[in-house]
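Enquirer: Below, each chain spelled out in residue letters.
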Amino acid sequence: MQPPTDTLAPPDLNFDSEVGDSASTVENPTVGIDQSVGDFTYDVKYAFDAGSGLNEGVIRYISDVKKEASWILDFRLKAYQTFLEKPMPTHWATKDLENIDFNKIRYYLSQGQKPKRTWDEVPDDIKRTFERLGIPEQERKFLAGVEAQFDSEAAYSNVKDIVAKQGVIFCNSTEALREHPEIFRKWFGKVIPTGDNKFSALNSAVFSGGSFIYVPKGVKVAMPLQAYFRINAENFGQFERTLIIADEGAEVTYMEGCTAPKFSTSTLHSAVVELVALKGAKIQYITVQNWAPNVFNLVTKRAIAMEDAEVKWIDCNIGSRLTMKYPGVILKGKRARGEVISIALANDGQHQDTGAKMIHAADDTTSVIVAKSISVGQGRSTYRGVVHIPKHLKGCKNNTECDALLINTNSRTDTYPAIVVRGDTHAVQHEASVSKVSEDMIFYMQQRGLTEAQAMSLAVNGFVNDLVRQFPMEYSVELKRLIDLEMEGSVG
Amino acid sequence: MSAPALSTTPAEGFTSTRFAQHLSQRAYLPAWWLEAKKAAWNQFNALPLPSRTDENWRFSDLKGLDLSGFTVPEDHSQKIPNHSGFAQAAEIVFSNRQVVARSHVSAELSSKGVIFAPLDEALRQHGDLVRTYFQKHPANLGSAKFVALNTALTVAGGFLYVPADVEVDLPFVIQHTLTGNNVSVFPHTIVVLGPRAKATVVEFFVSGGSSSVTASTLARSAPAAERQLVSGVNDLHAAEGAQLTYVGAQRWSRETLAFQINSIAVERDARVLSLNLHLGGRQSRHESHSRLLGPGAHSEMLSLTVADGDREFDQRTLQTHISPHTTSNLLYKNALLDTAKTIFSGLIIVEPDAQKTDAYQKNRNLMLSDTAEAHSLPGLEIQANDVKCSHGSTSARIDAEQEFYLQARGINPTEARRLLVSAFFEEVLNKLENEDLHASLTALIADQFKK
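Line by line, the protein sequences give chains A and B.
Taking my numbering, I'd label the letters of the first sequence as residues 1 to 492.
Taking my numbering, I'd label the letters of the second sequence as residues 1001 to 1451.
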């Protein structure tokens, strides 16, 4: 196993230079500055490497280096069998999935299993990655806790004292299952069973890293907790596992960000994220997905919401080659509420196949889905949704809105919702529209001295503005900037 | 594919022997037609039944797709429901595959070149014309196997040809009646409108039933619970500037497994309105595919369903915009009662060249029972950016405020509900220009609610 070599960013993606002072200098950048921010890699010596390809030995190796309890190894081995048995979902999903070569992927790479509690202890080669991405700075500014995952394991994990004193547990999956099995084992793999789909099975077999969070009864975590996922090595597969439990009346906001360098070979990111909102709890989960355009991002995210609980997914997908992700909420308790806010931006060579699932399983539950997508160049964005209101329920409500904006003549968008309603006491409404930016609007702005690119940018920002406003400030500013950059190359 | 297993043992009744007999009885028909039938027979046997992973059959009851035990009826029934509710240009009535009544088009229309004939006759007299349009644009929405069965065994069906610039105001009527237990029928109707021609075609699909049906109206004939199989296909073509209205109304028996596959081809500046009324059957699948082939083409796709009892209505639609400046509008309304189940799966495809498309798709489910189940899969696949495309789907009960308004004015709850349901349907029926036809369909629907 050769450790990855220092890969230079392609010259046109120089992350230090300002891209596109004027629109005419940019030729429809398939990756704007957003991706070039993360487009670098350092030569890191991995102490633990499971090699390429997947077999039982790899799984035993991962479990062994993590010194896991035997039930976890059994769980992994069983999941591996399920993974082998499950077919690729290409009867409804894109055939691009067939380009994933499971034998070329490296399933575990780390420098060690124990994350550092201070940035000073983090090895220099890893620390400079996160410093370059601005993680320590963000932590000081506005986060209650941070976990920074580098390939398979968290390199850094810390939660501010004030939060820790409230009894909040925030650690990686290995530590959580070892130190707090009484809390986490109960829900682990319960919201998303191993066999949910081929990739959830794969994750269950080889998972490493991710965040396990427990917020005790009535505790409201004032600042967000954040995880940052970094892929450094080529041909690497990242399989983090996240489980967040908000006990009765607790409230927590969790944010995740990610980057990876752009390699010519494909990289696989396949996470499983389970949220448990007990009675009256509130969980907000924010993702800004910004993977390099060679990453297959195949993620299963689902929450369970008990009586009067609220779960809100804010899911923003800008990067990756192919993303397939449909955050869901199982509305298990009466009056539970689920919400998915989804923004997707697909540029050339990208397919954002995103959406939401709302499974109503109790009376008077409500769900809201608002999805907006922008397709630029030959980008393709797809909305897939499920709203399920099965028998014998009363008074359930769902409202779904999907709007797609097509920027160029060859941009593509698809919408595939599936709505099942049983009974006459529910109200379910779905609306979708597809449009381009109004010529009148662009003309109006150009009349007032804006360039076409500026006008387009403003129009697109206006299109997603009502959703972006729901993001934490830092993220919404960043998002607006990303959209500006993506738009600059798209016109003229 | 597990094709070999199927081809050696096709469903009982549809054996190779029976098929060979079917062919030999029709040796007088054009050779291309017999060849098409043979190819279709092989295709039917080679194709597997839909499977669980087939997206075109998502949510459908696959266990209900049981073709075993059906035979092709040899004789026709005398108990043929009749409907004389509106004036007609001409009519063809089939009973168990045979023409039992027929009125011809007027001499005037005939002299202008209008052809309205049973398929069999059209094949003999206008074989090339039929050949040009027969399955020119297959629907391709998942029922290839059942379409192949239709081609292989079809006998009953109408052929309408209206030449350029001929306008016919009165509707052409085709009626298919099926009577008996374990019997099947395979109607295939082809409608061809030349440039700027105008016509209306109404097709009725009904089970005769063993109940004493006399010359009462179709509306009053109660379909009996006889096990029947129907696989119907139609090819509708509107050439440049033509205007076609097509109404298909089905009221099969409670135990009928029915497929009806529509293909609609709309050329430049042509306009097709299709309205399908679904009232009967145990499991009824309806597929409709509109292709907008020339600038200015418009397709209006309408459907009304009264889903009662434990029936399943399975509707799959596709609006394919191939040419720029084309428009389409789909409105499918379902009223759900008892333990009925409906599936609406629609898709709008805008091809890369079809800029300036304006397409709309709406499915509305009126939930009238706590045990009825509505599935809605409204889809879009858009590959051009200068378009206006949207879809909507709602599933809800009758508006409580409207109900209250009527009750406050002394209208009892049952009557109020009936009024609100007919109002729900009226939006669709109002799109028909022919008032007599409108009234006739209203009566059919009202009757379904009376039971």
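Because the hints were derived from the structure by calculation, they are not lab data.
Some hints could be false.
Said to hold, decoys possible - With a cut-off of at most 25 Å between alpha-carbon atoms, the simulated PhoX-like pairs for lysine-lysine come out as follows:
#, chain 1, residue 1, chain 2, residue 2
1, B, K1450, B, K1388
2, A, K114, A, K279
3, A, K394, A, K282
4, A, K391, B, K1431
5, A, K332, A, K190
6, A, K114, A, K160
7, A, K397, B, K1431
8, A, K86, B, K1333
9, A, K160, A, K104
10, A, K186, A, K332
11, A, K394, A, K279
12, B, K1063, A, K397
13, A, K391, B, K1388
14, A, K217, A, K104
15, A, K220, A, K279
16, A, K114, A, K127
17, B, K1063, A, K394
18, A, K186, A, K165
Stated by the list, open to error - What the simulated footprint calls covered on chain A by chain B, stretch by stretch (three residues with Cβ under 8 Å from a Cβ of chain B suffice, anywhere in the stretch; the number is not a length):
#, region
19, 322-335
20, 432-445
21, 453-462
Said to hold, decoys possible - Label-pair ranges, simulated between beta-carbon atoms:
#, chain 1, residue 1, chain 2, residue 2, range
22, A, N99, B, A1225, 50 to 56 Å
23, B, E1055, A, N103, 25 to 31 Å
24, B, P1413, A, H180, 44 to 50 Å
25, A, G53, B, A1225, 38 to 44 Å
26, A, E401, B, A1031, 27 to 33 Å
For glycine and all other residues, C-beta sits at the position ideal for the given N, C-alpha and C.
Enquirer: Would the hint linking A:K86 and B:K1333 be met if the CA-CA limit is 25 Å?
Expert: With a Cα-Cα distance of about 38 Å, the restraint between A:K86 and B:K1333 is violated, given a limit of 25 Å.
Enquirer: Taking only the CA atoms, is the gap from A:K391 to B:K1388 under or equal to 25 Å?
Expert: violated (36 Å)
Enquirer: Has the hinted range 27 to 33 Å been met by the Cβ atoms of A:E401 and B:A1031?
Expert: For A:E401 and B:A1031 the Cβ distance comes to about 56 Å; the hint is violated.
Enquirer: Between the region 432-445 of chain A and chain B, see if three or more residues pass the 8 Å beta-carbon test, and mark the coverage as holds or violated.
Expert: holds (count 5)
Enquirer: Sort out whether B:K1431 lies within 25 Å of A:K397, counting only the CA atoms.
Expert: violated (31 Å)
Enquirer: What's the verdict on A:K394 and A:K282, does the C-alpha distance respect the 25 Å limit or exceed it?
Expert: holds (23 Å)
Enquirer: Between B:K1063 and A:K394, is the straight-line Cα distance small enough, at 25 Å or below?
Expert: violated (29 Å)
Enquirer: If I claimed the Cβ atoms of B:E1055 and A:N103 lie 25 to 31 Å apart, would that claim hold in this structure?
Expert: holds (29 Å)
Enquirer: Check the hint pairing A:K217 with A:K104 against an upper bound of 25 Å on the C-alpha distance.
Expert: violated (45 Å)
Enquirer: Are A:G53 and B:A1225 spaced within 38 to 44 Å by their CB atoms?
Expert: violated (60 Å)
Enquirer: Taking the CB of A:N99 and the CB of B:A1225, does the distance hold inside 50 to 56 Å?
Expert: Distance hint for A:N99, B:A1225 holds at roughly 53 Å.
Enquirer: Between A:K332 and A:K190, does the CA-CA distance stay at or below 25 Å?
Expert: Between A:K332 and A:K190 the Cα gap is close to 13 Å, so the pair holds against 25 Å.
Hints 1, 2, 4, 7, 8, 9, 12, 13, 14, 17, 19, 21, 24, 25 and 26 from the list above are not met by this structure, while the remaining hints are.
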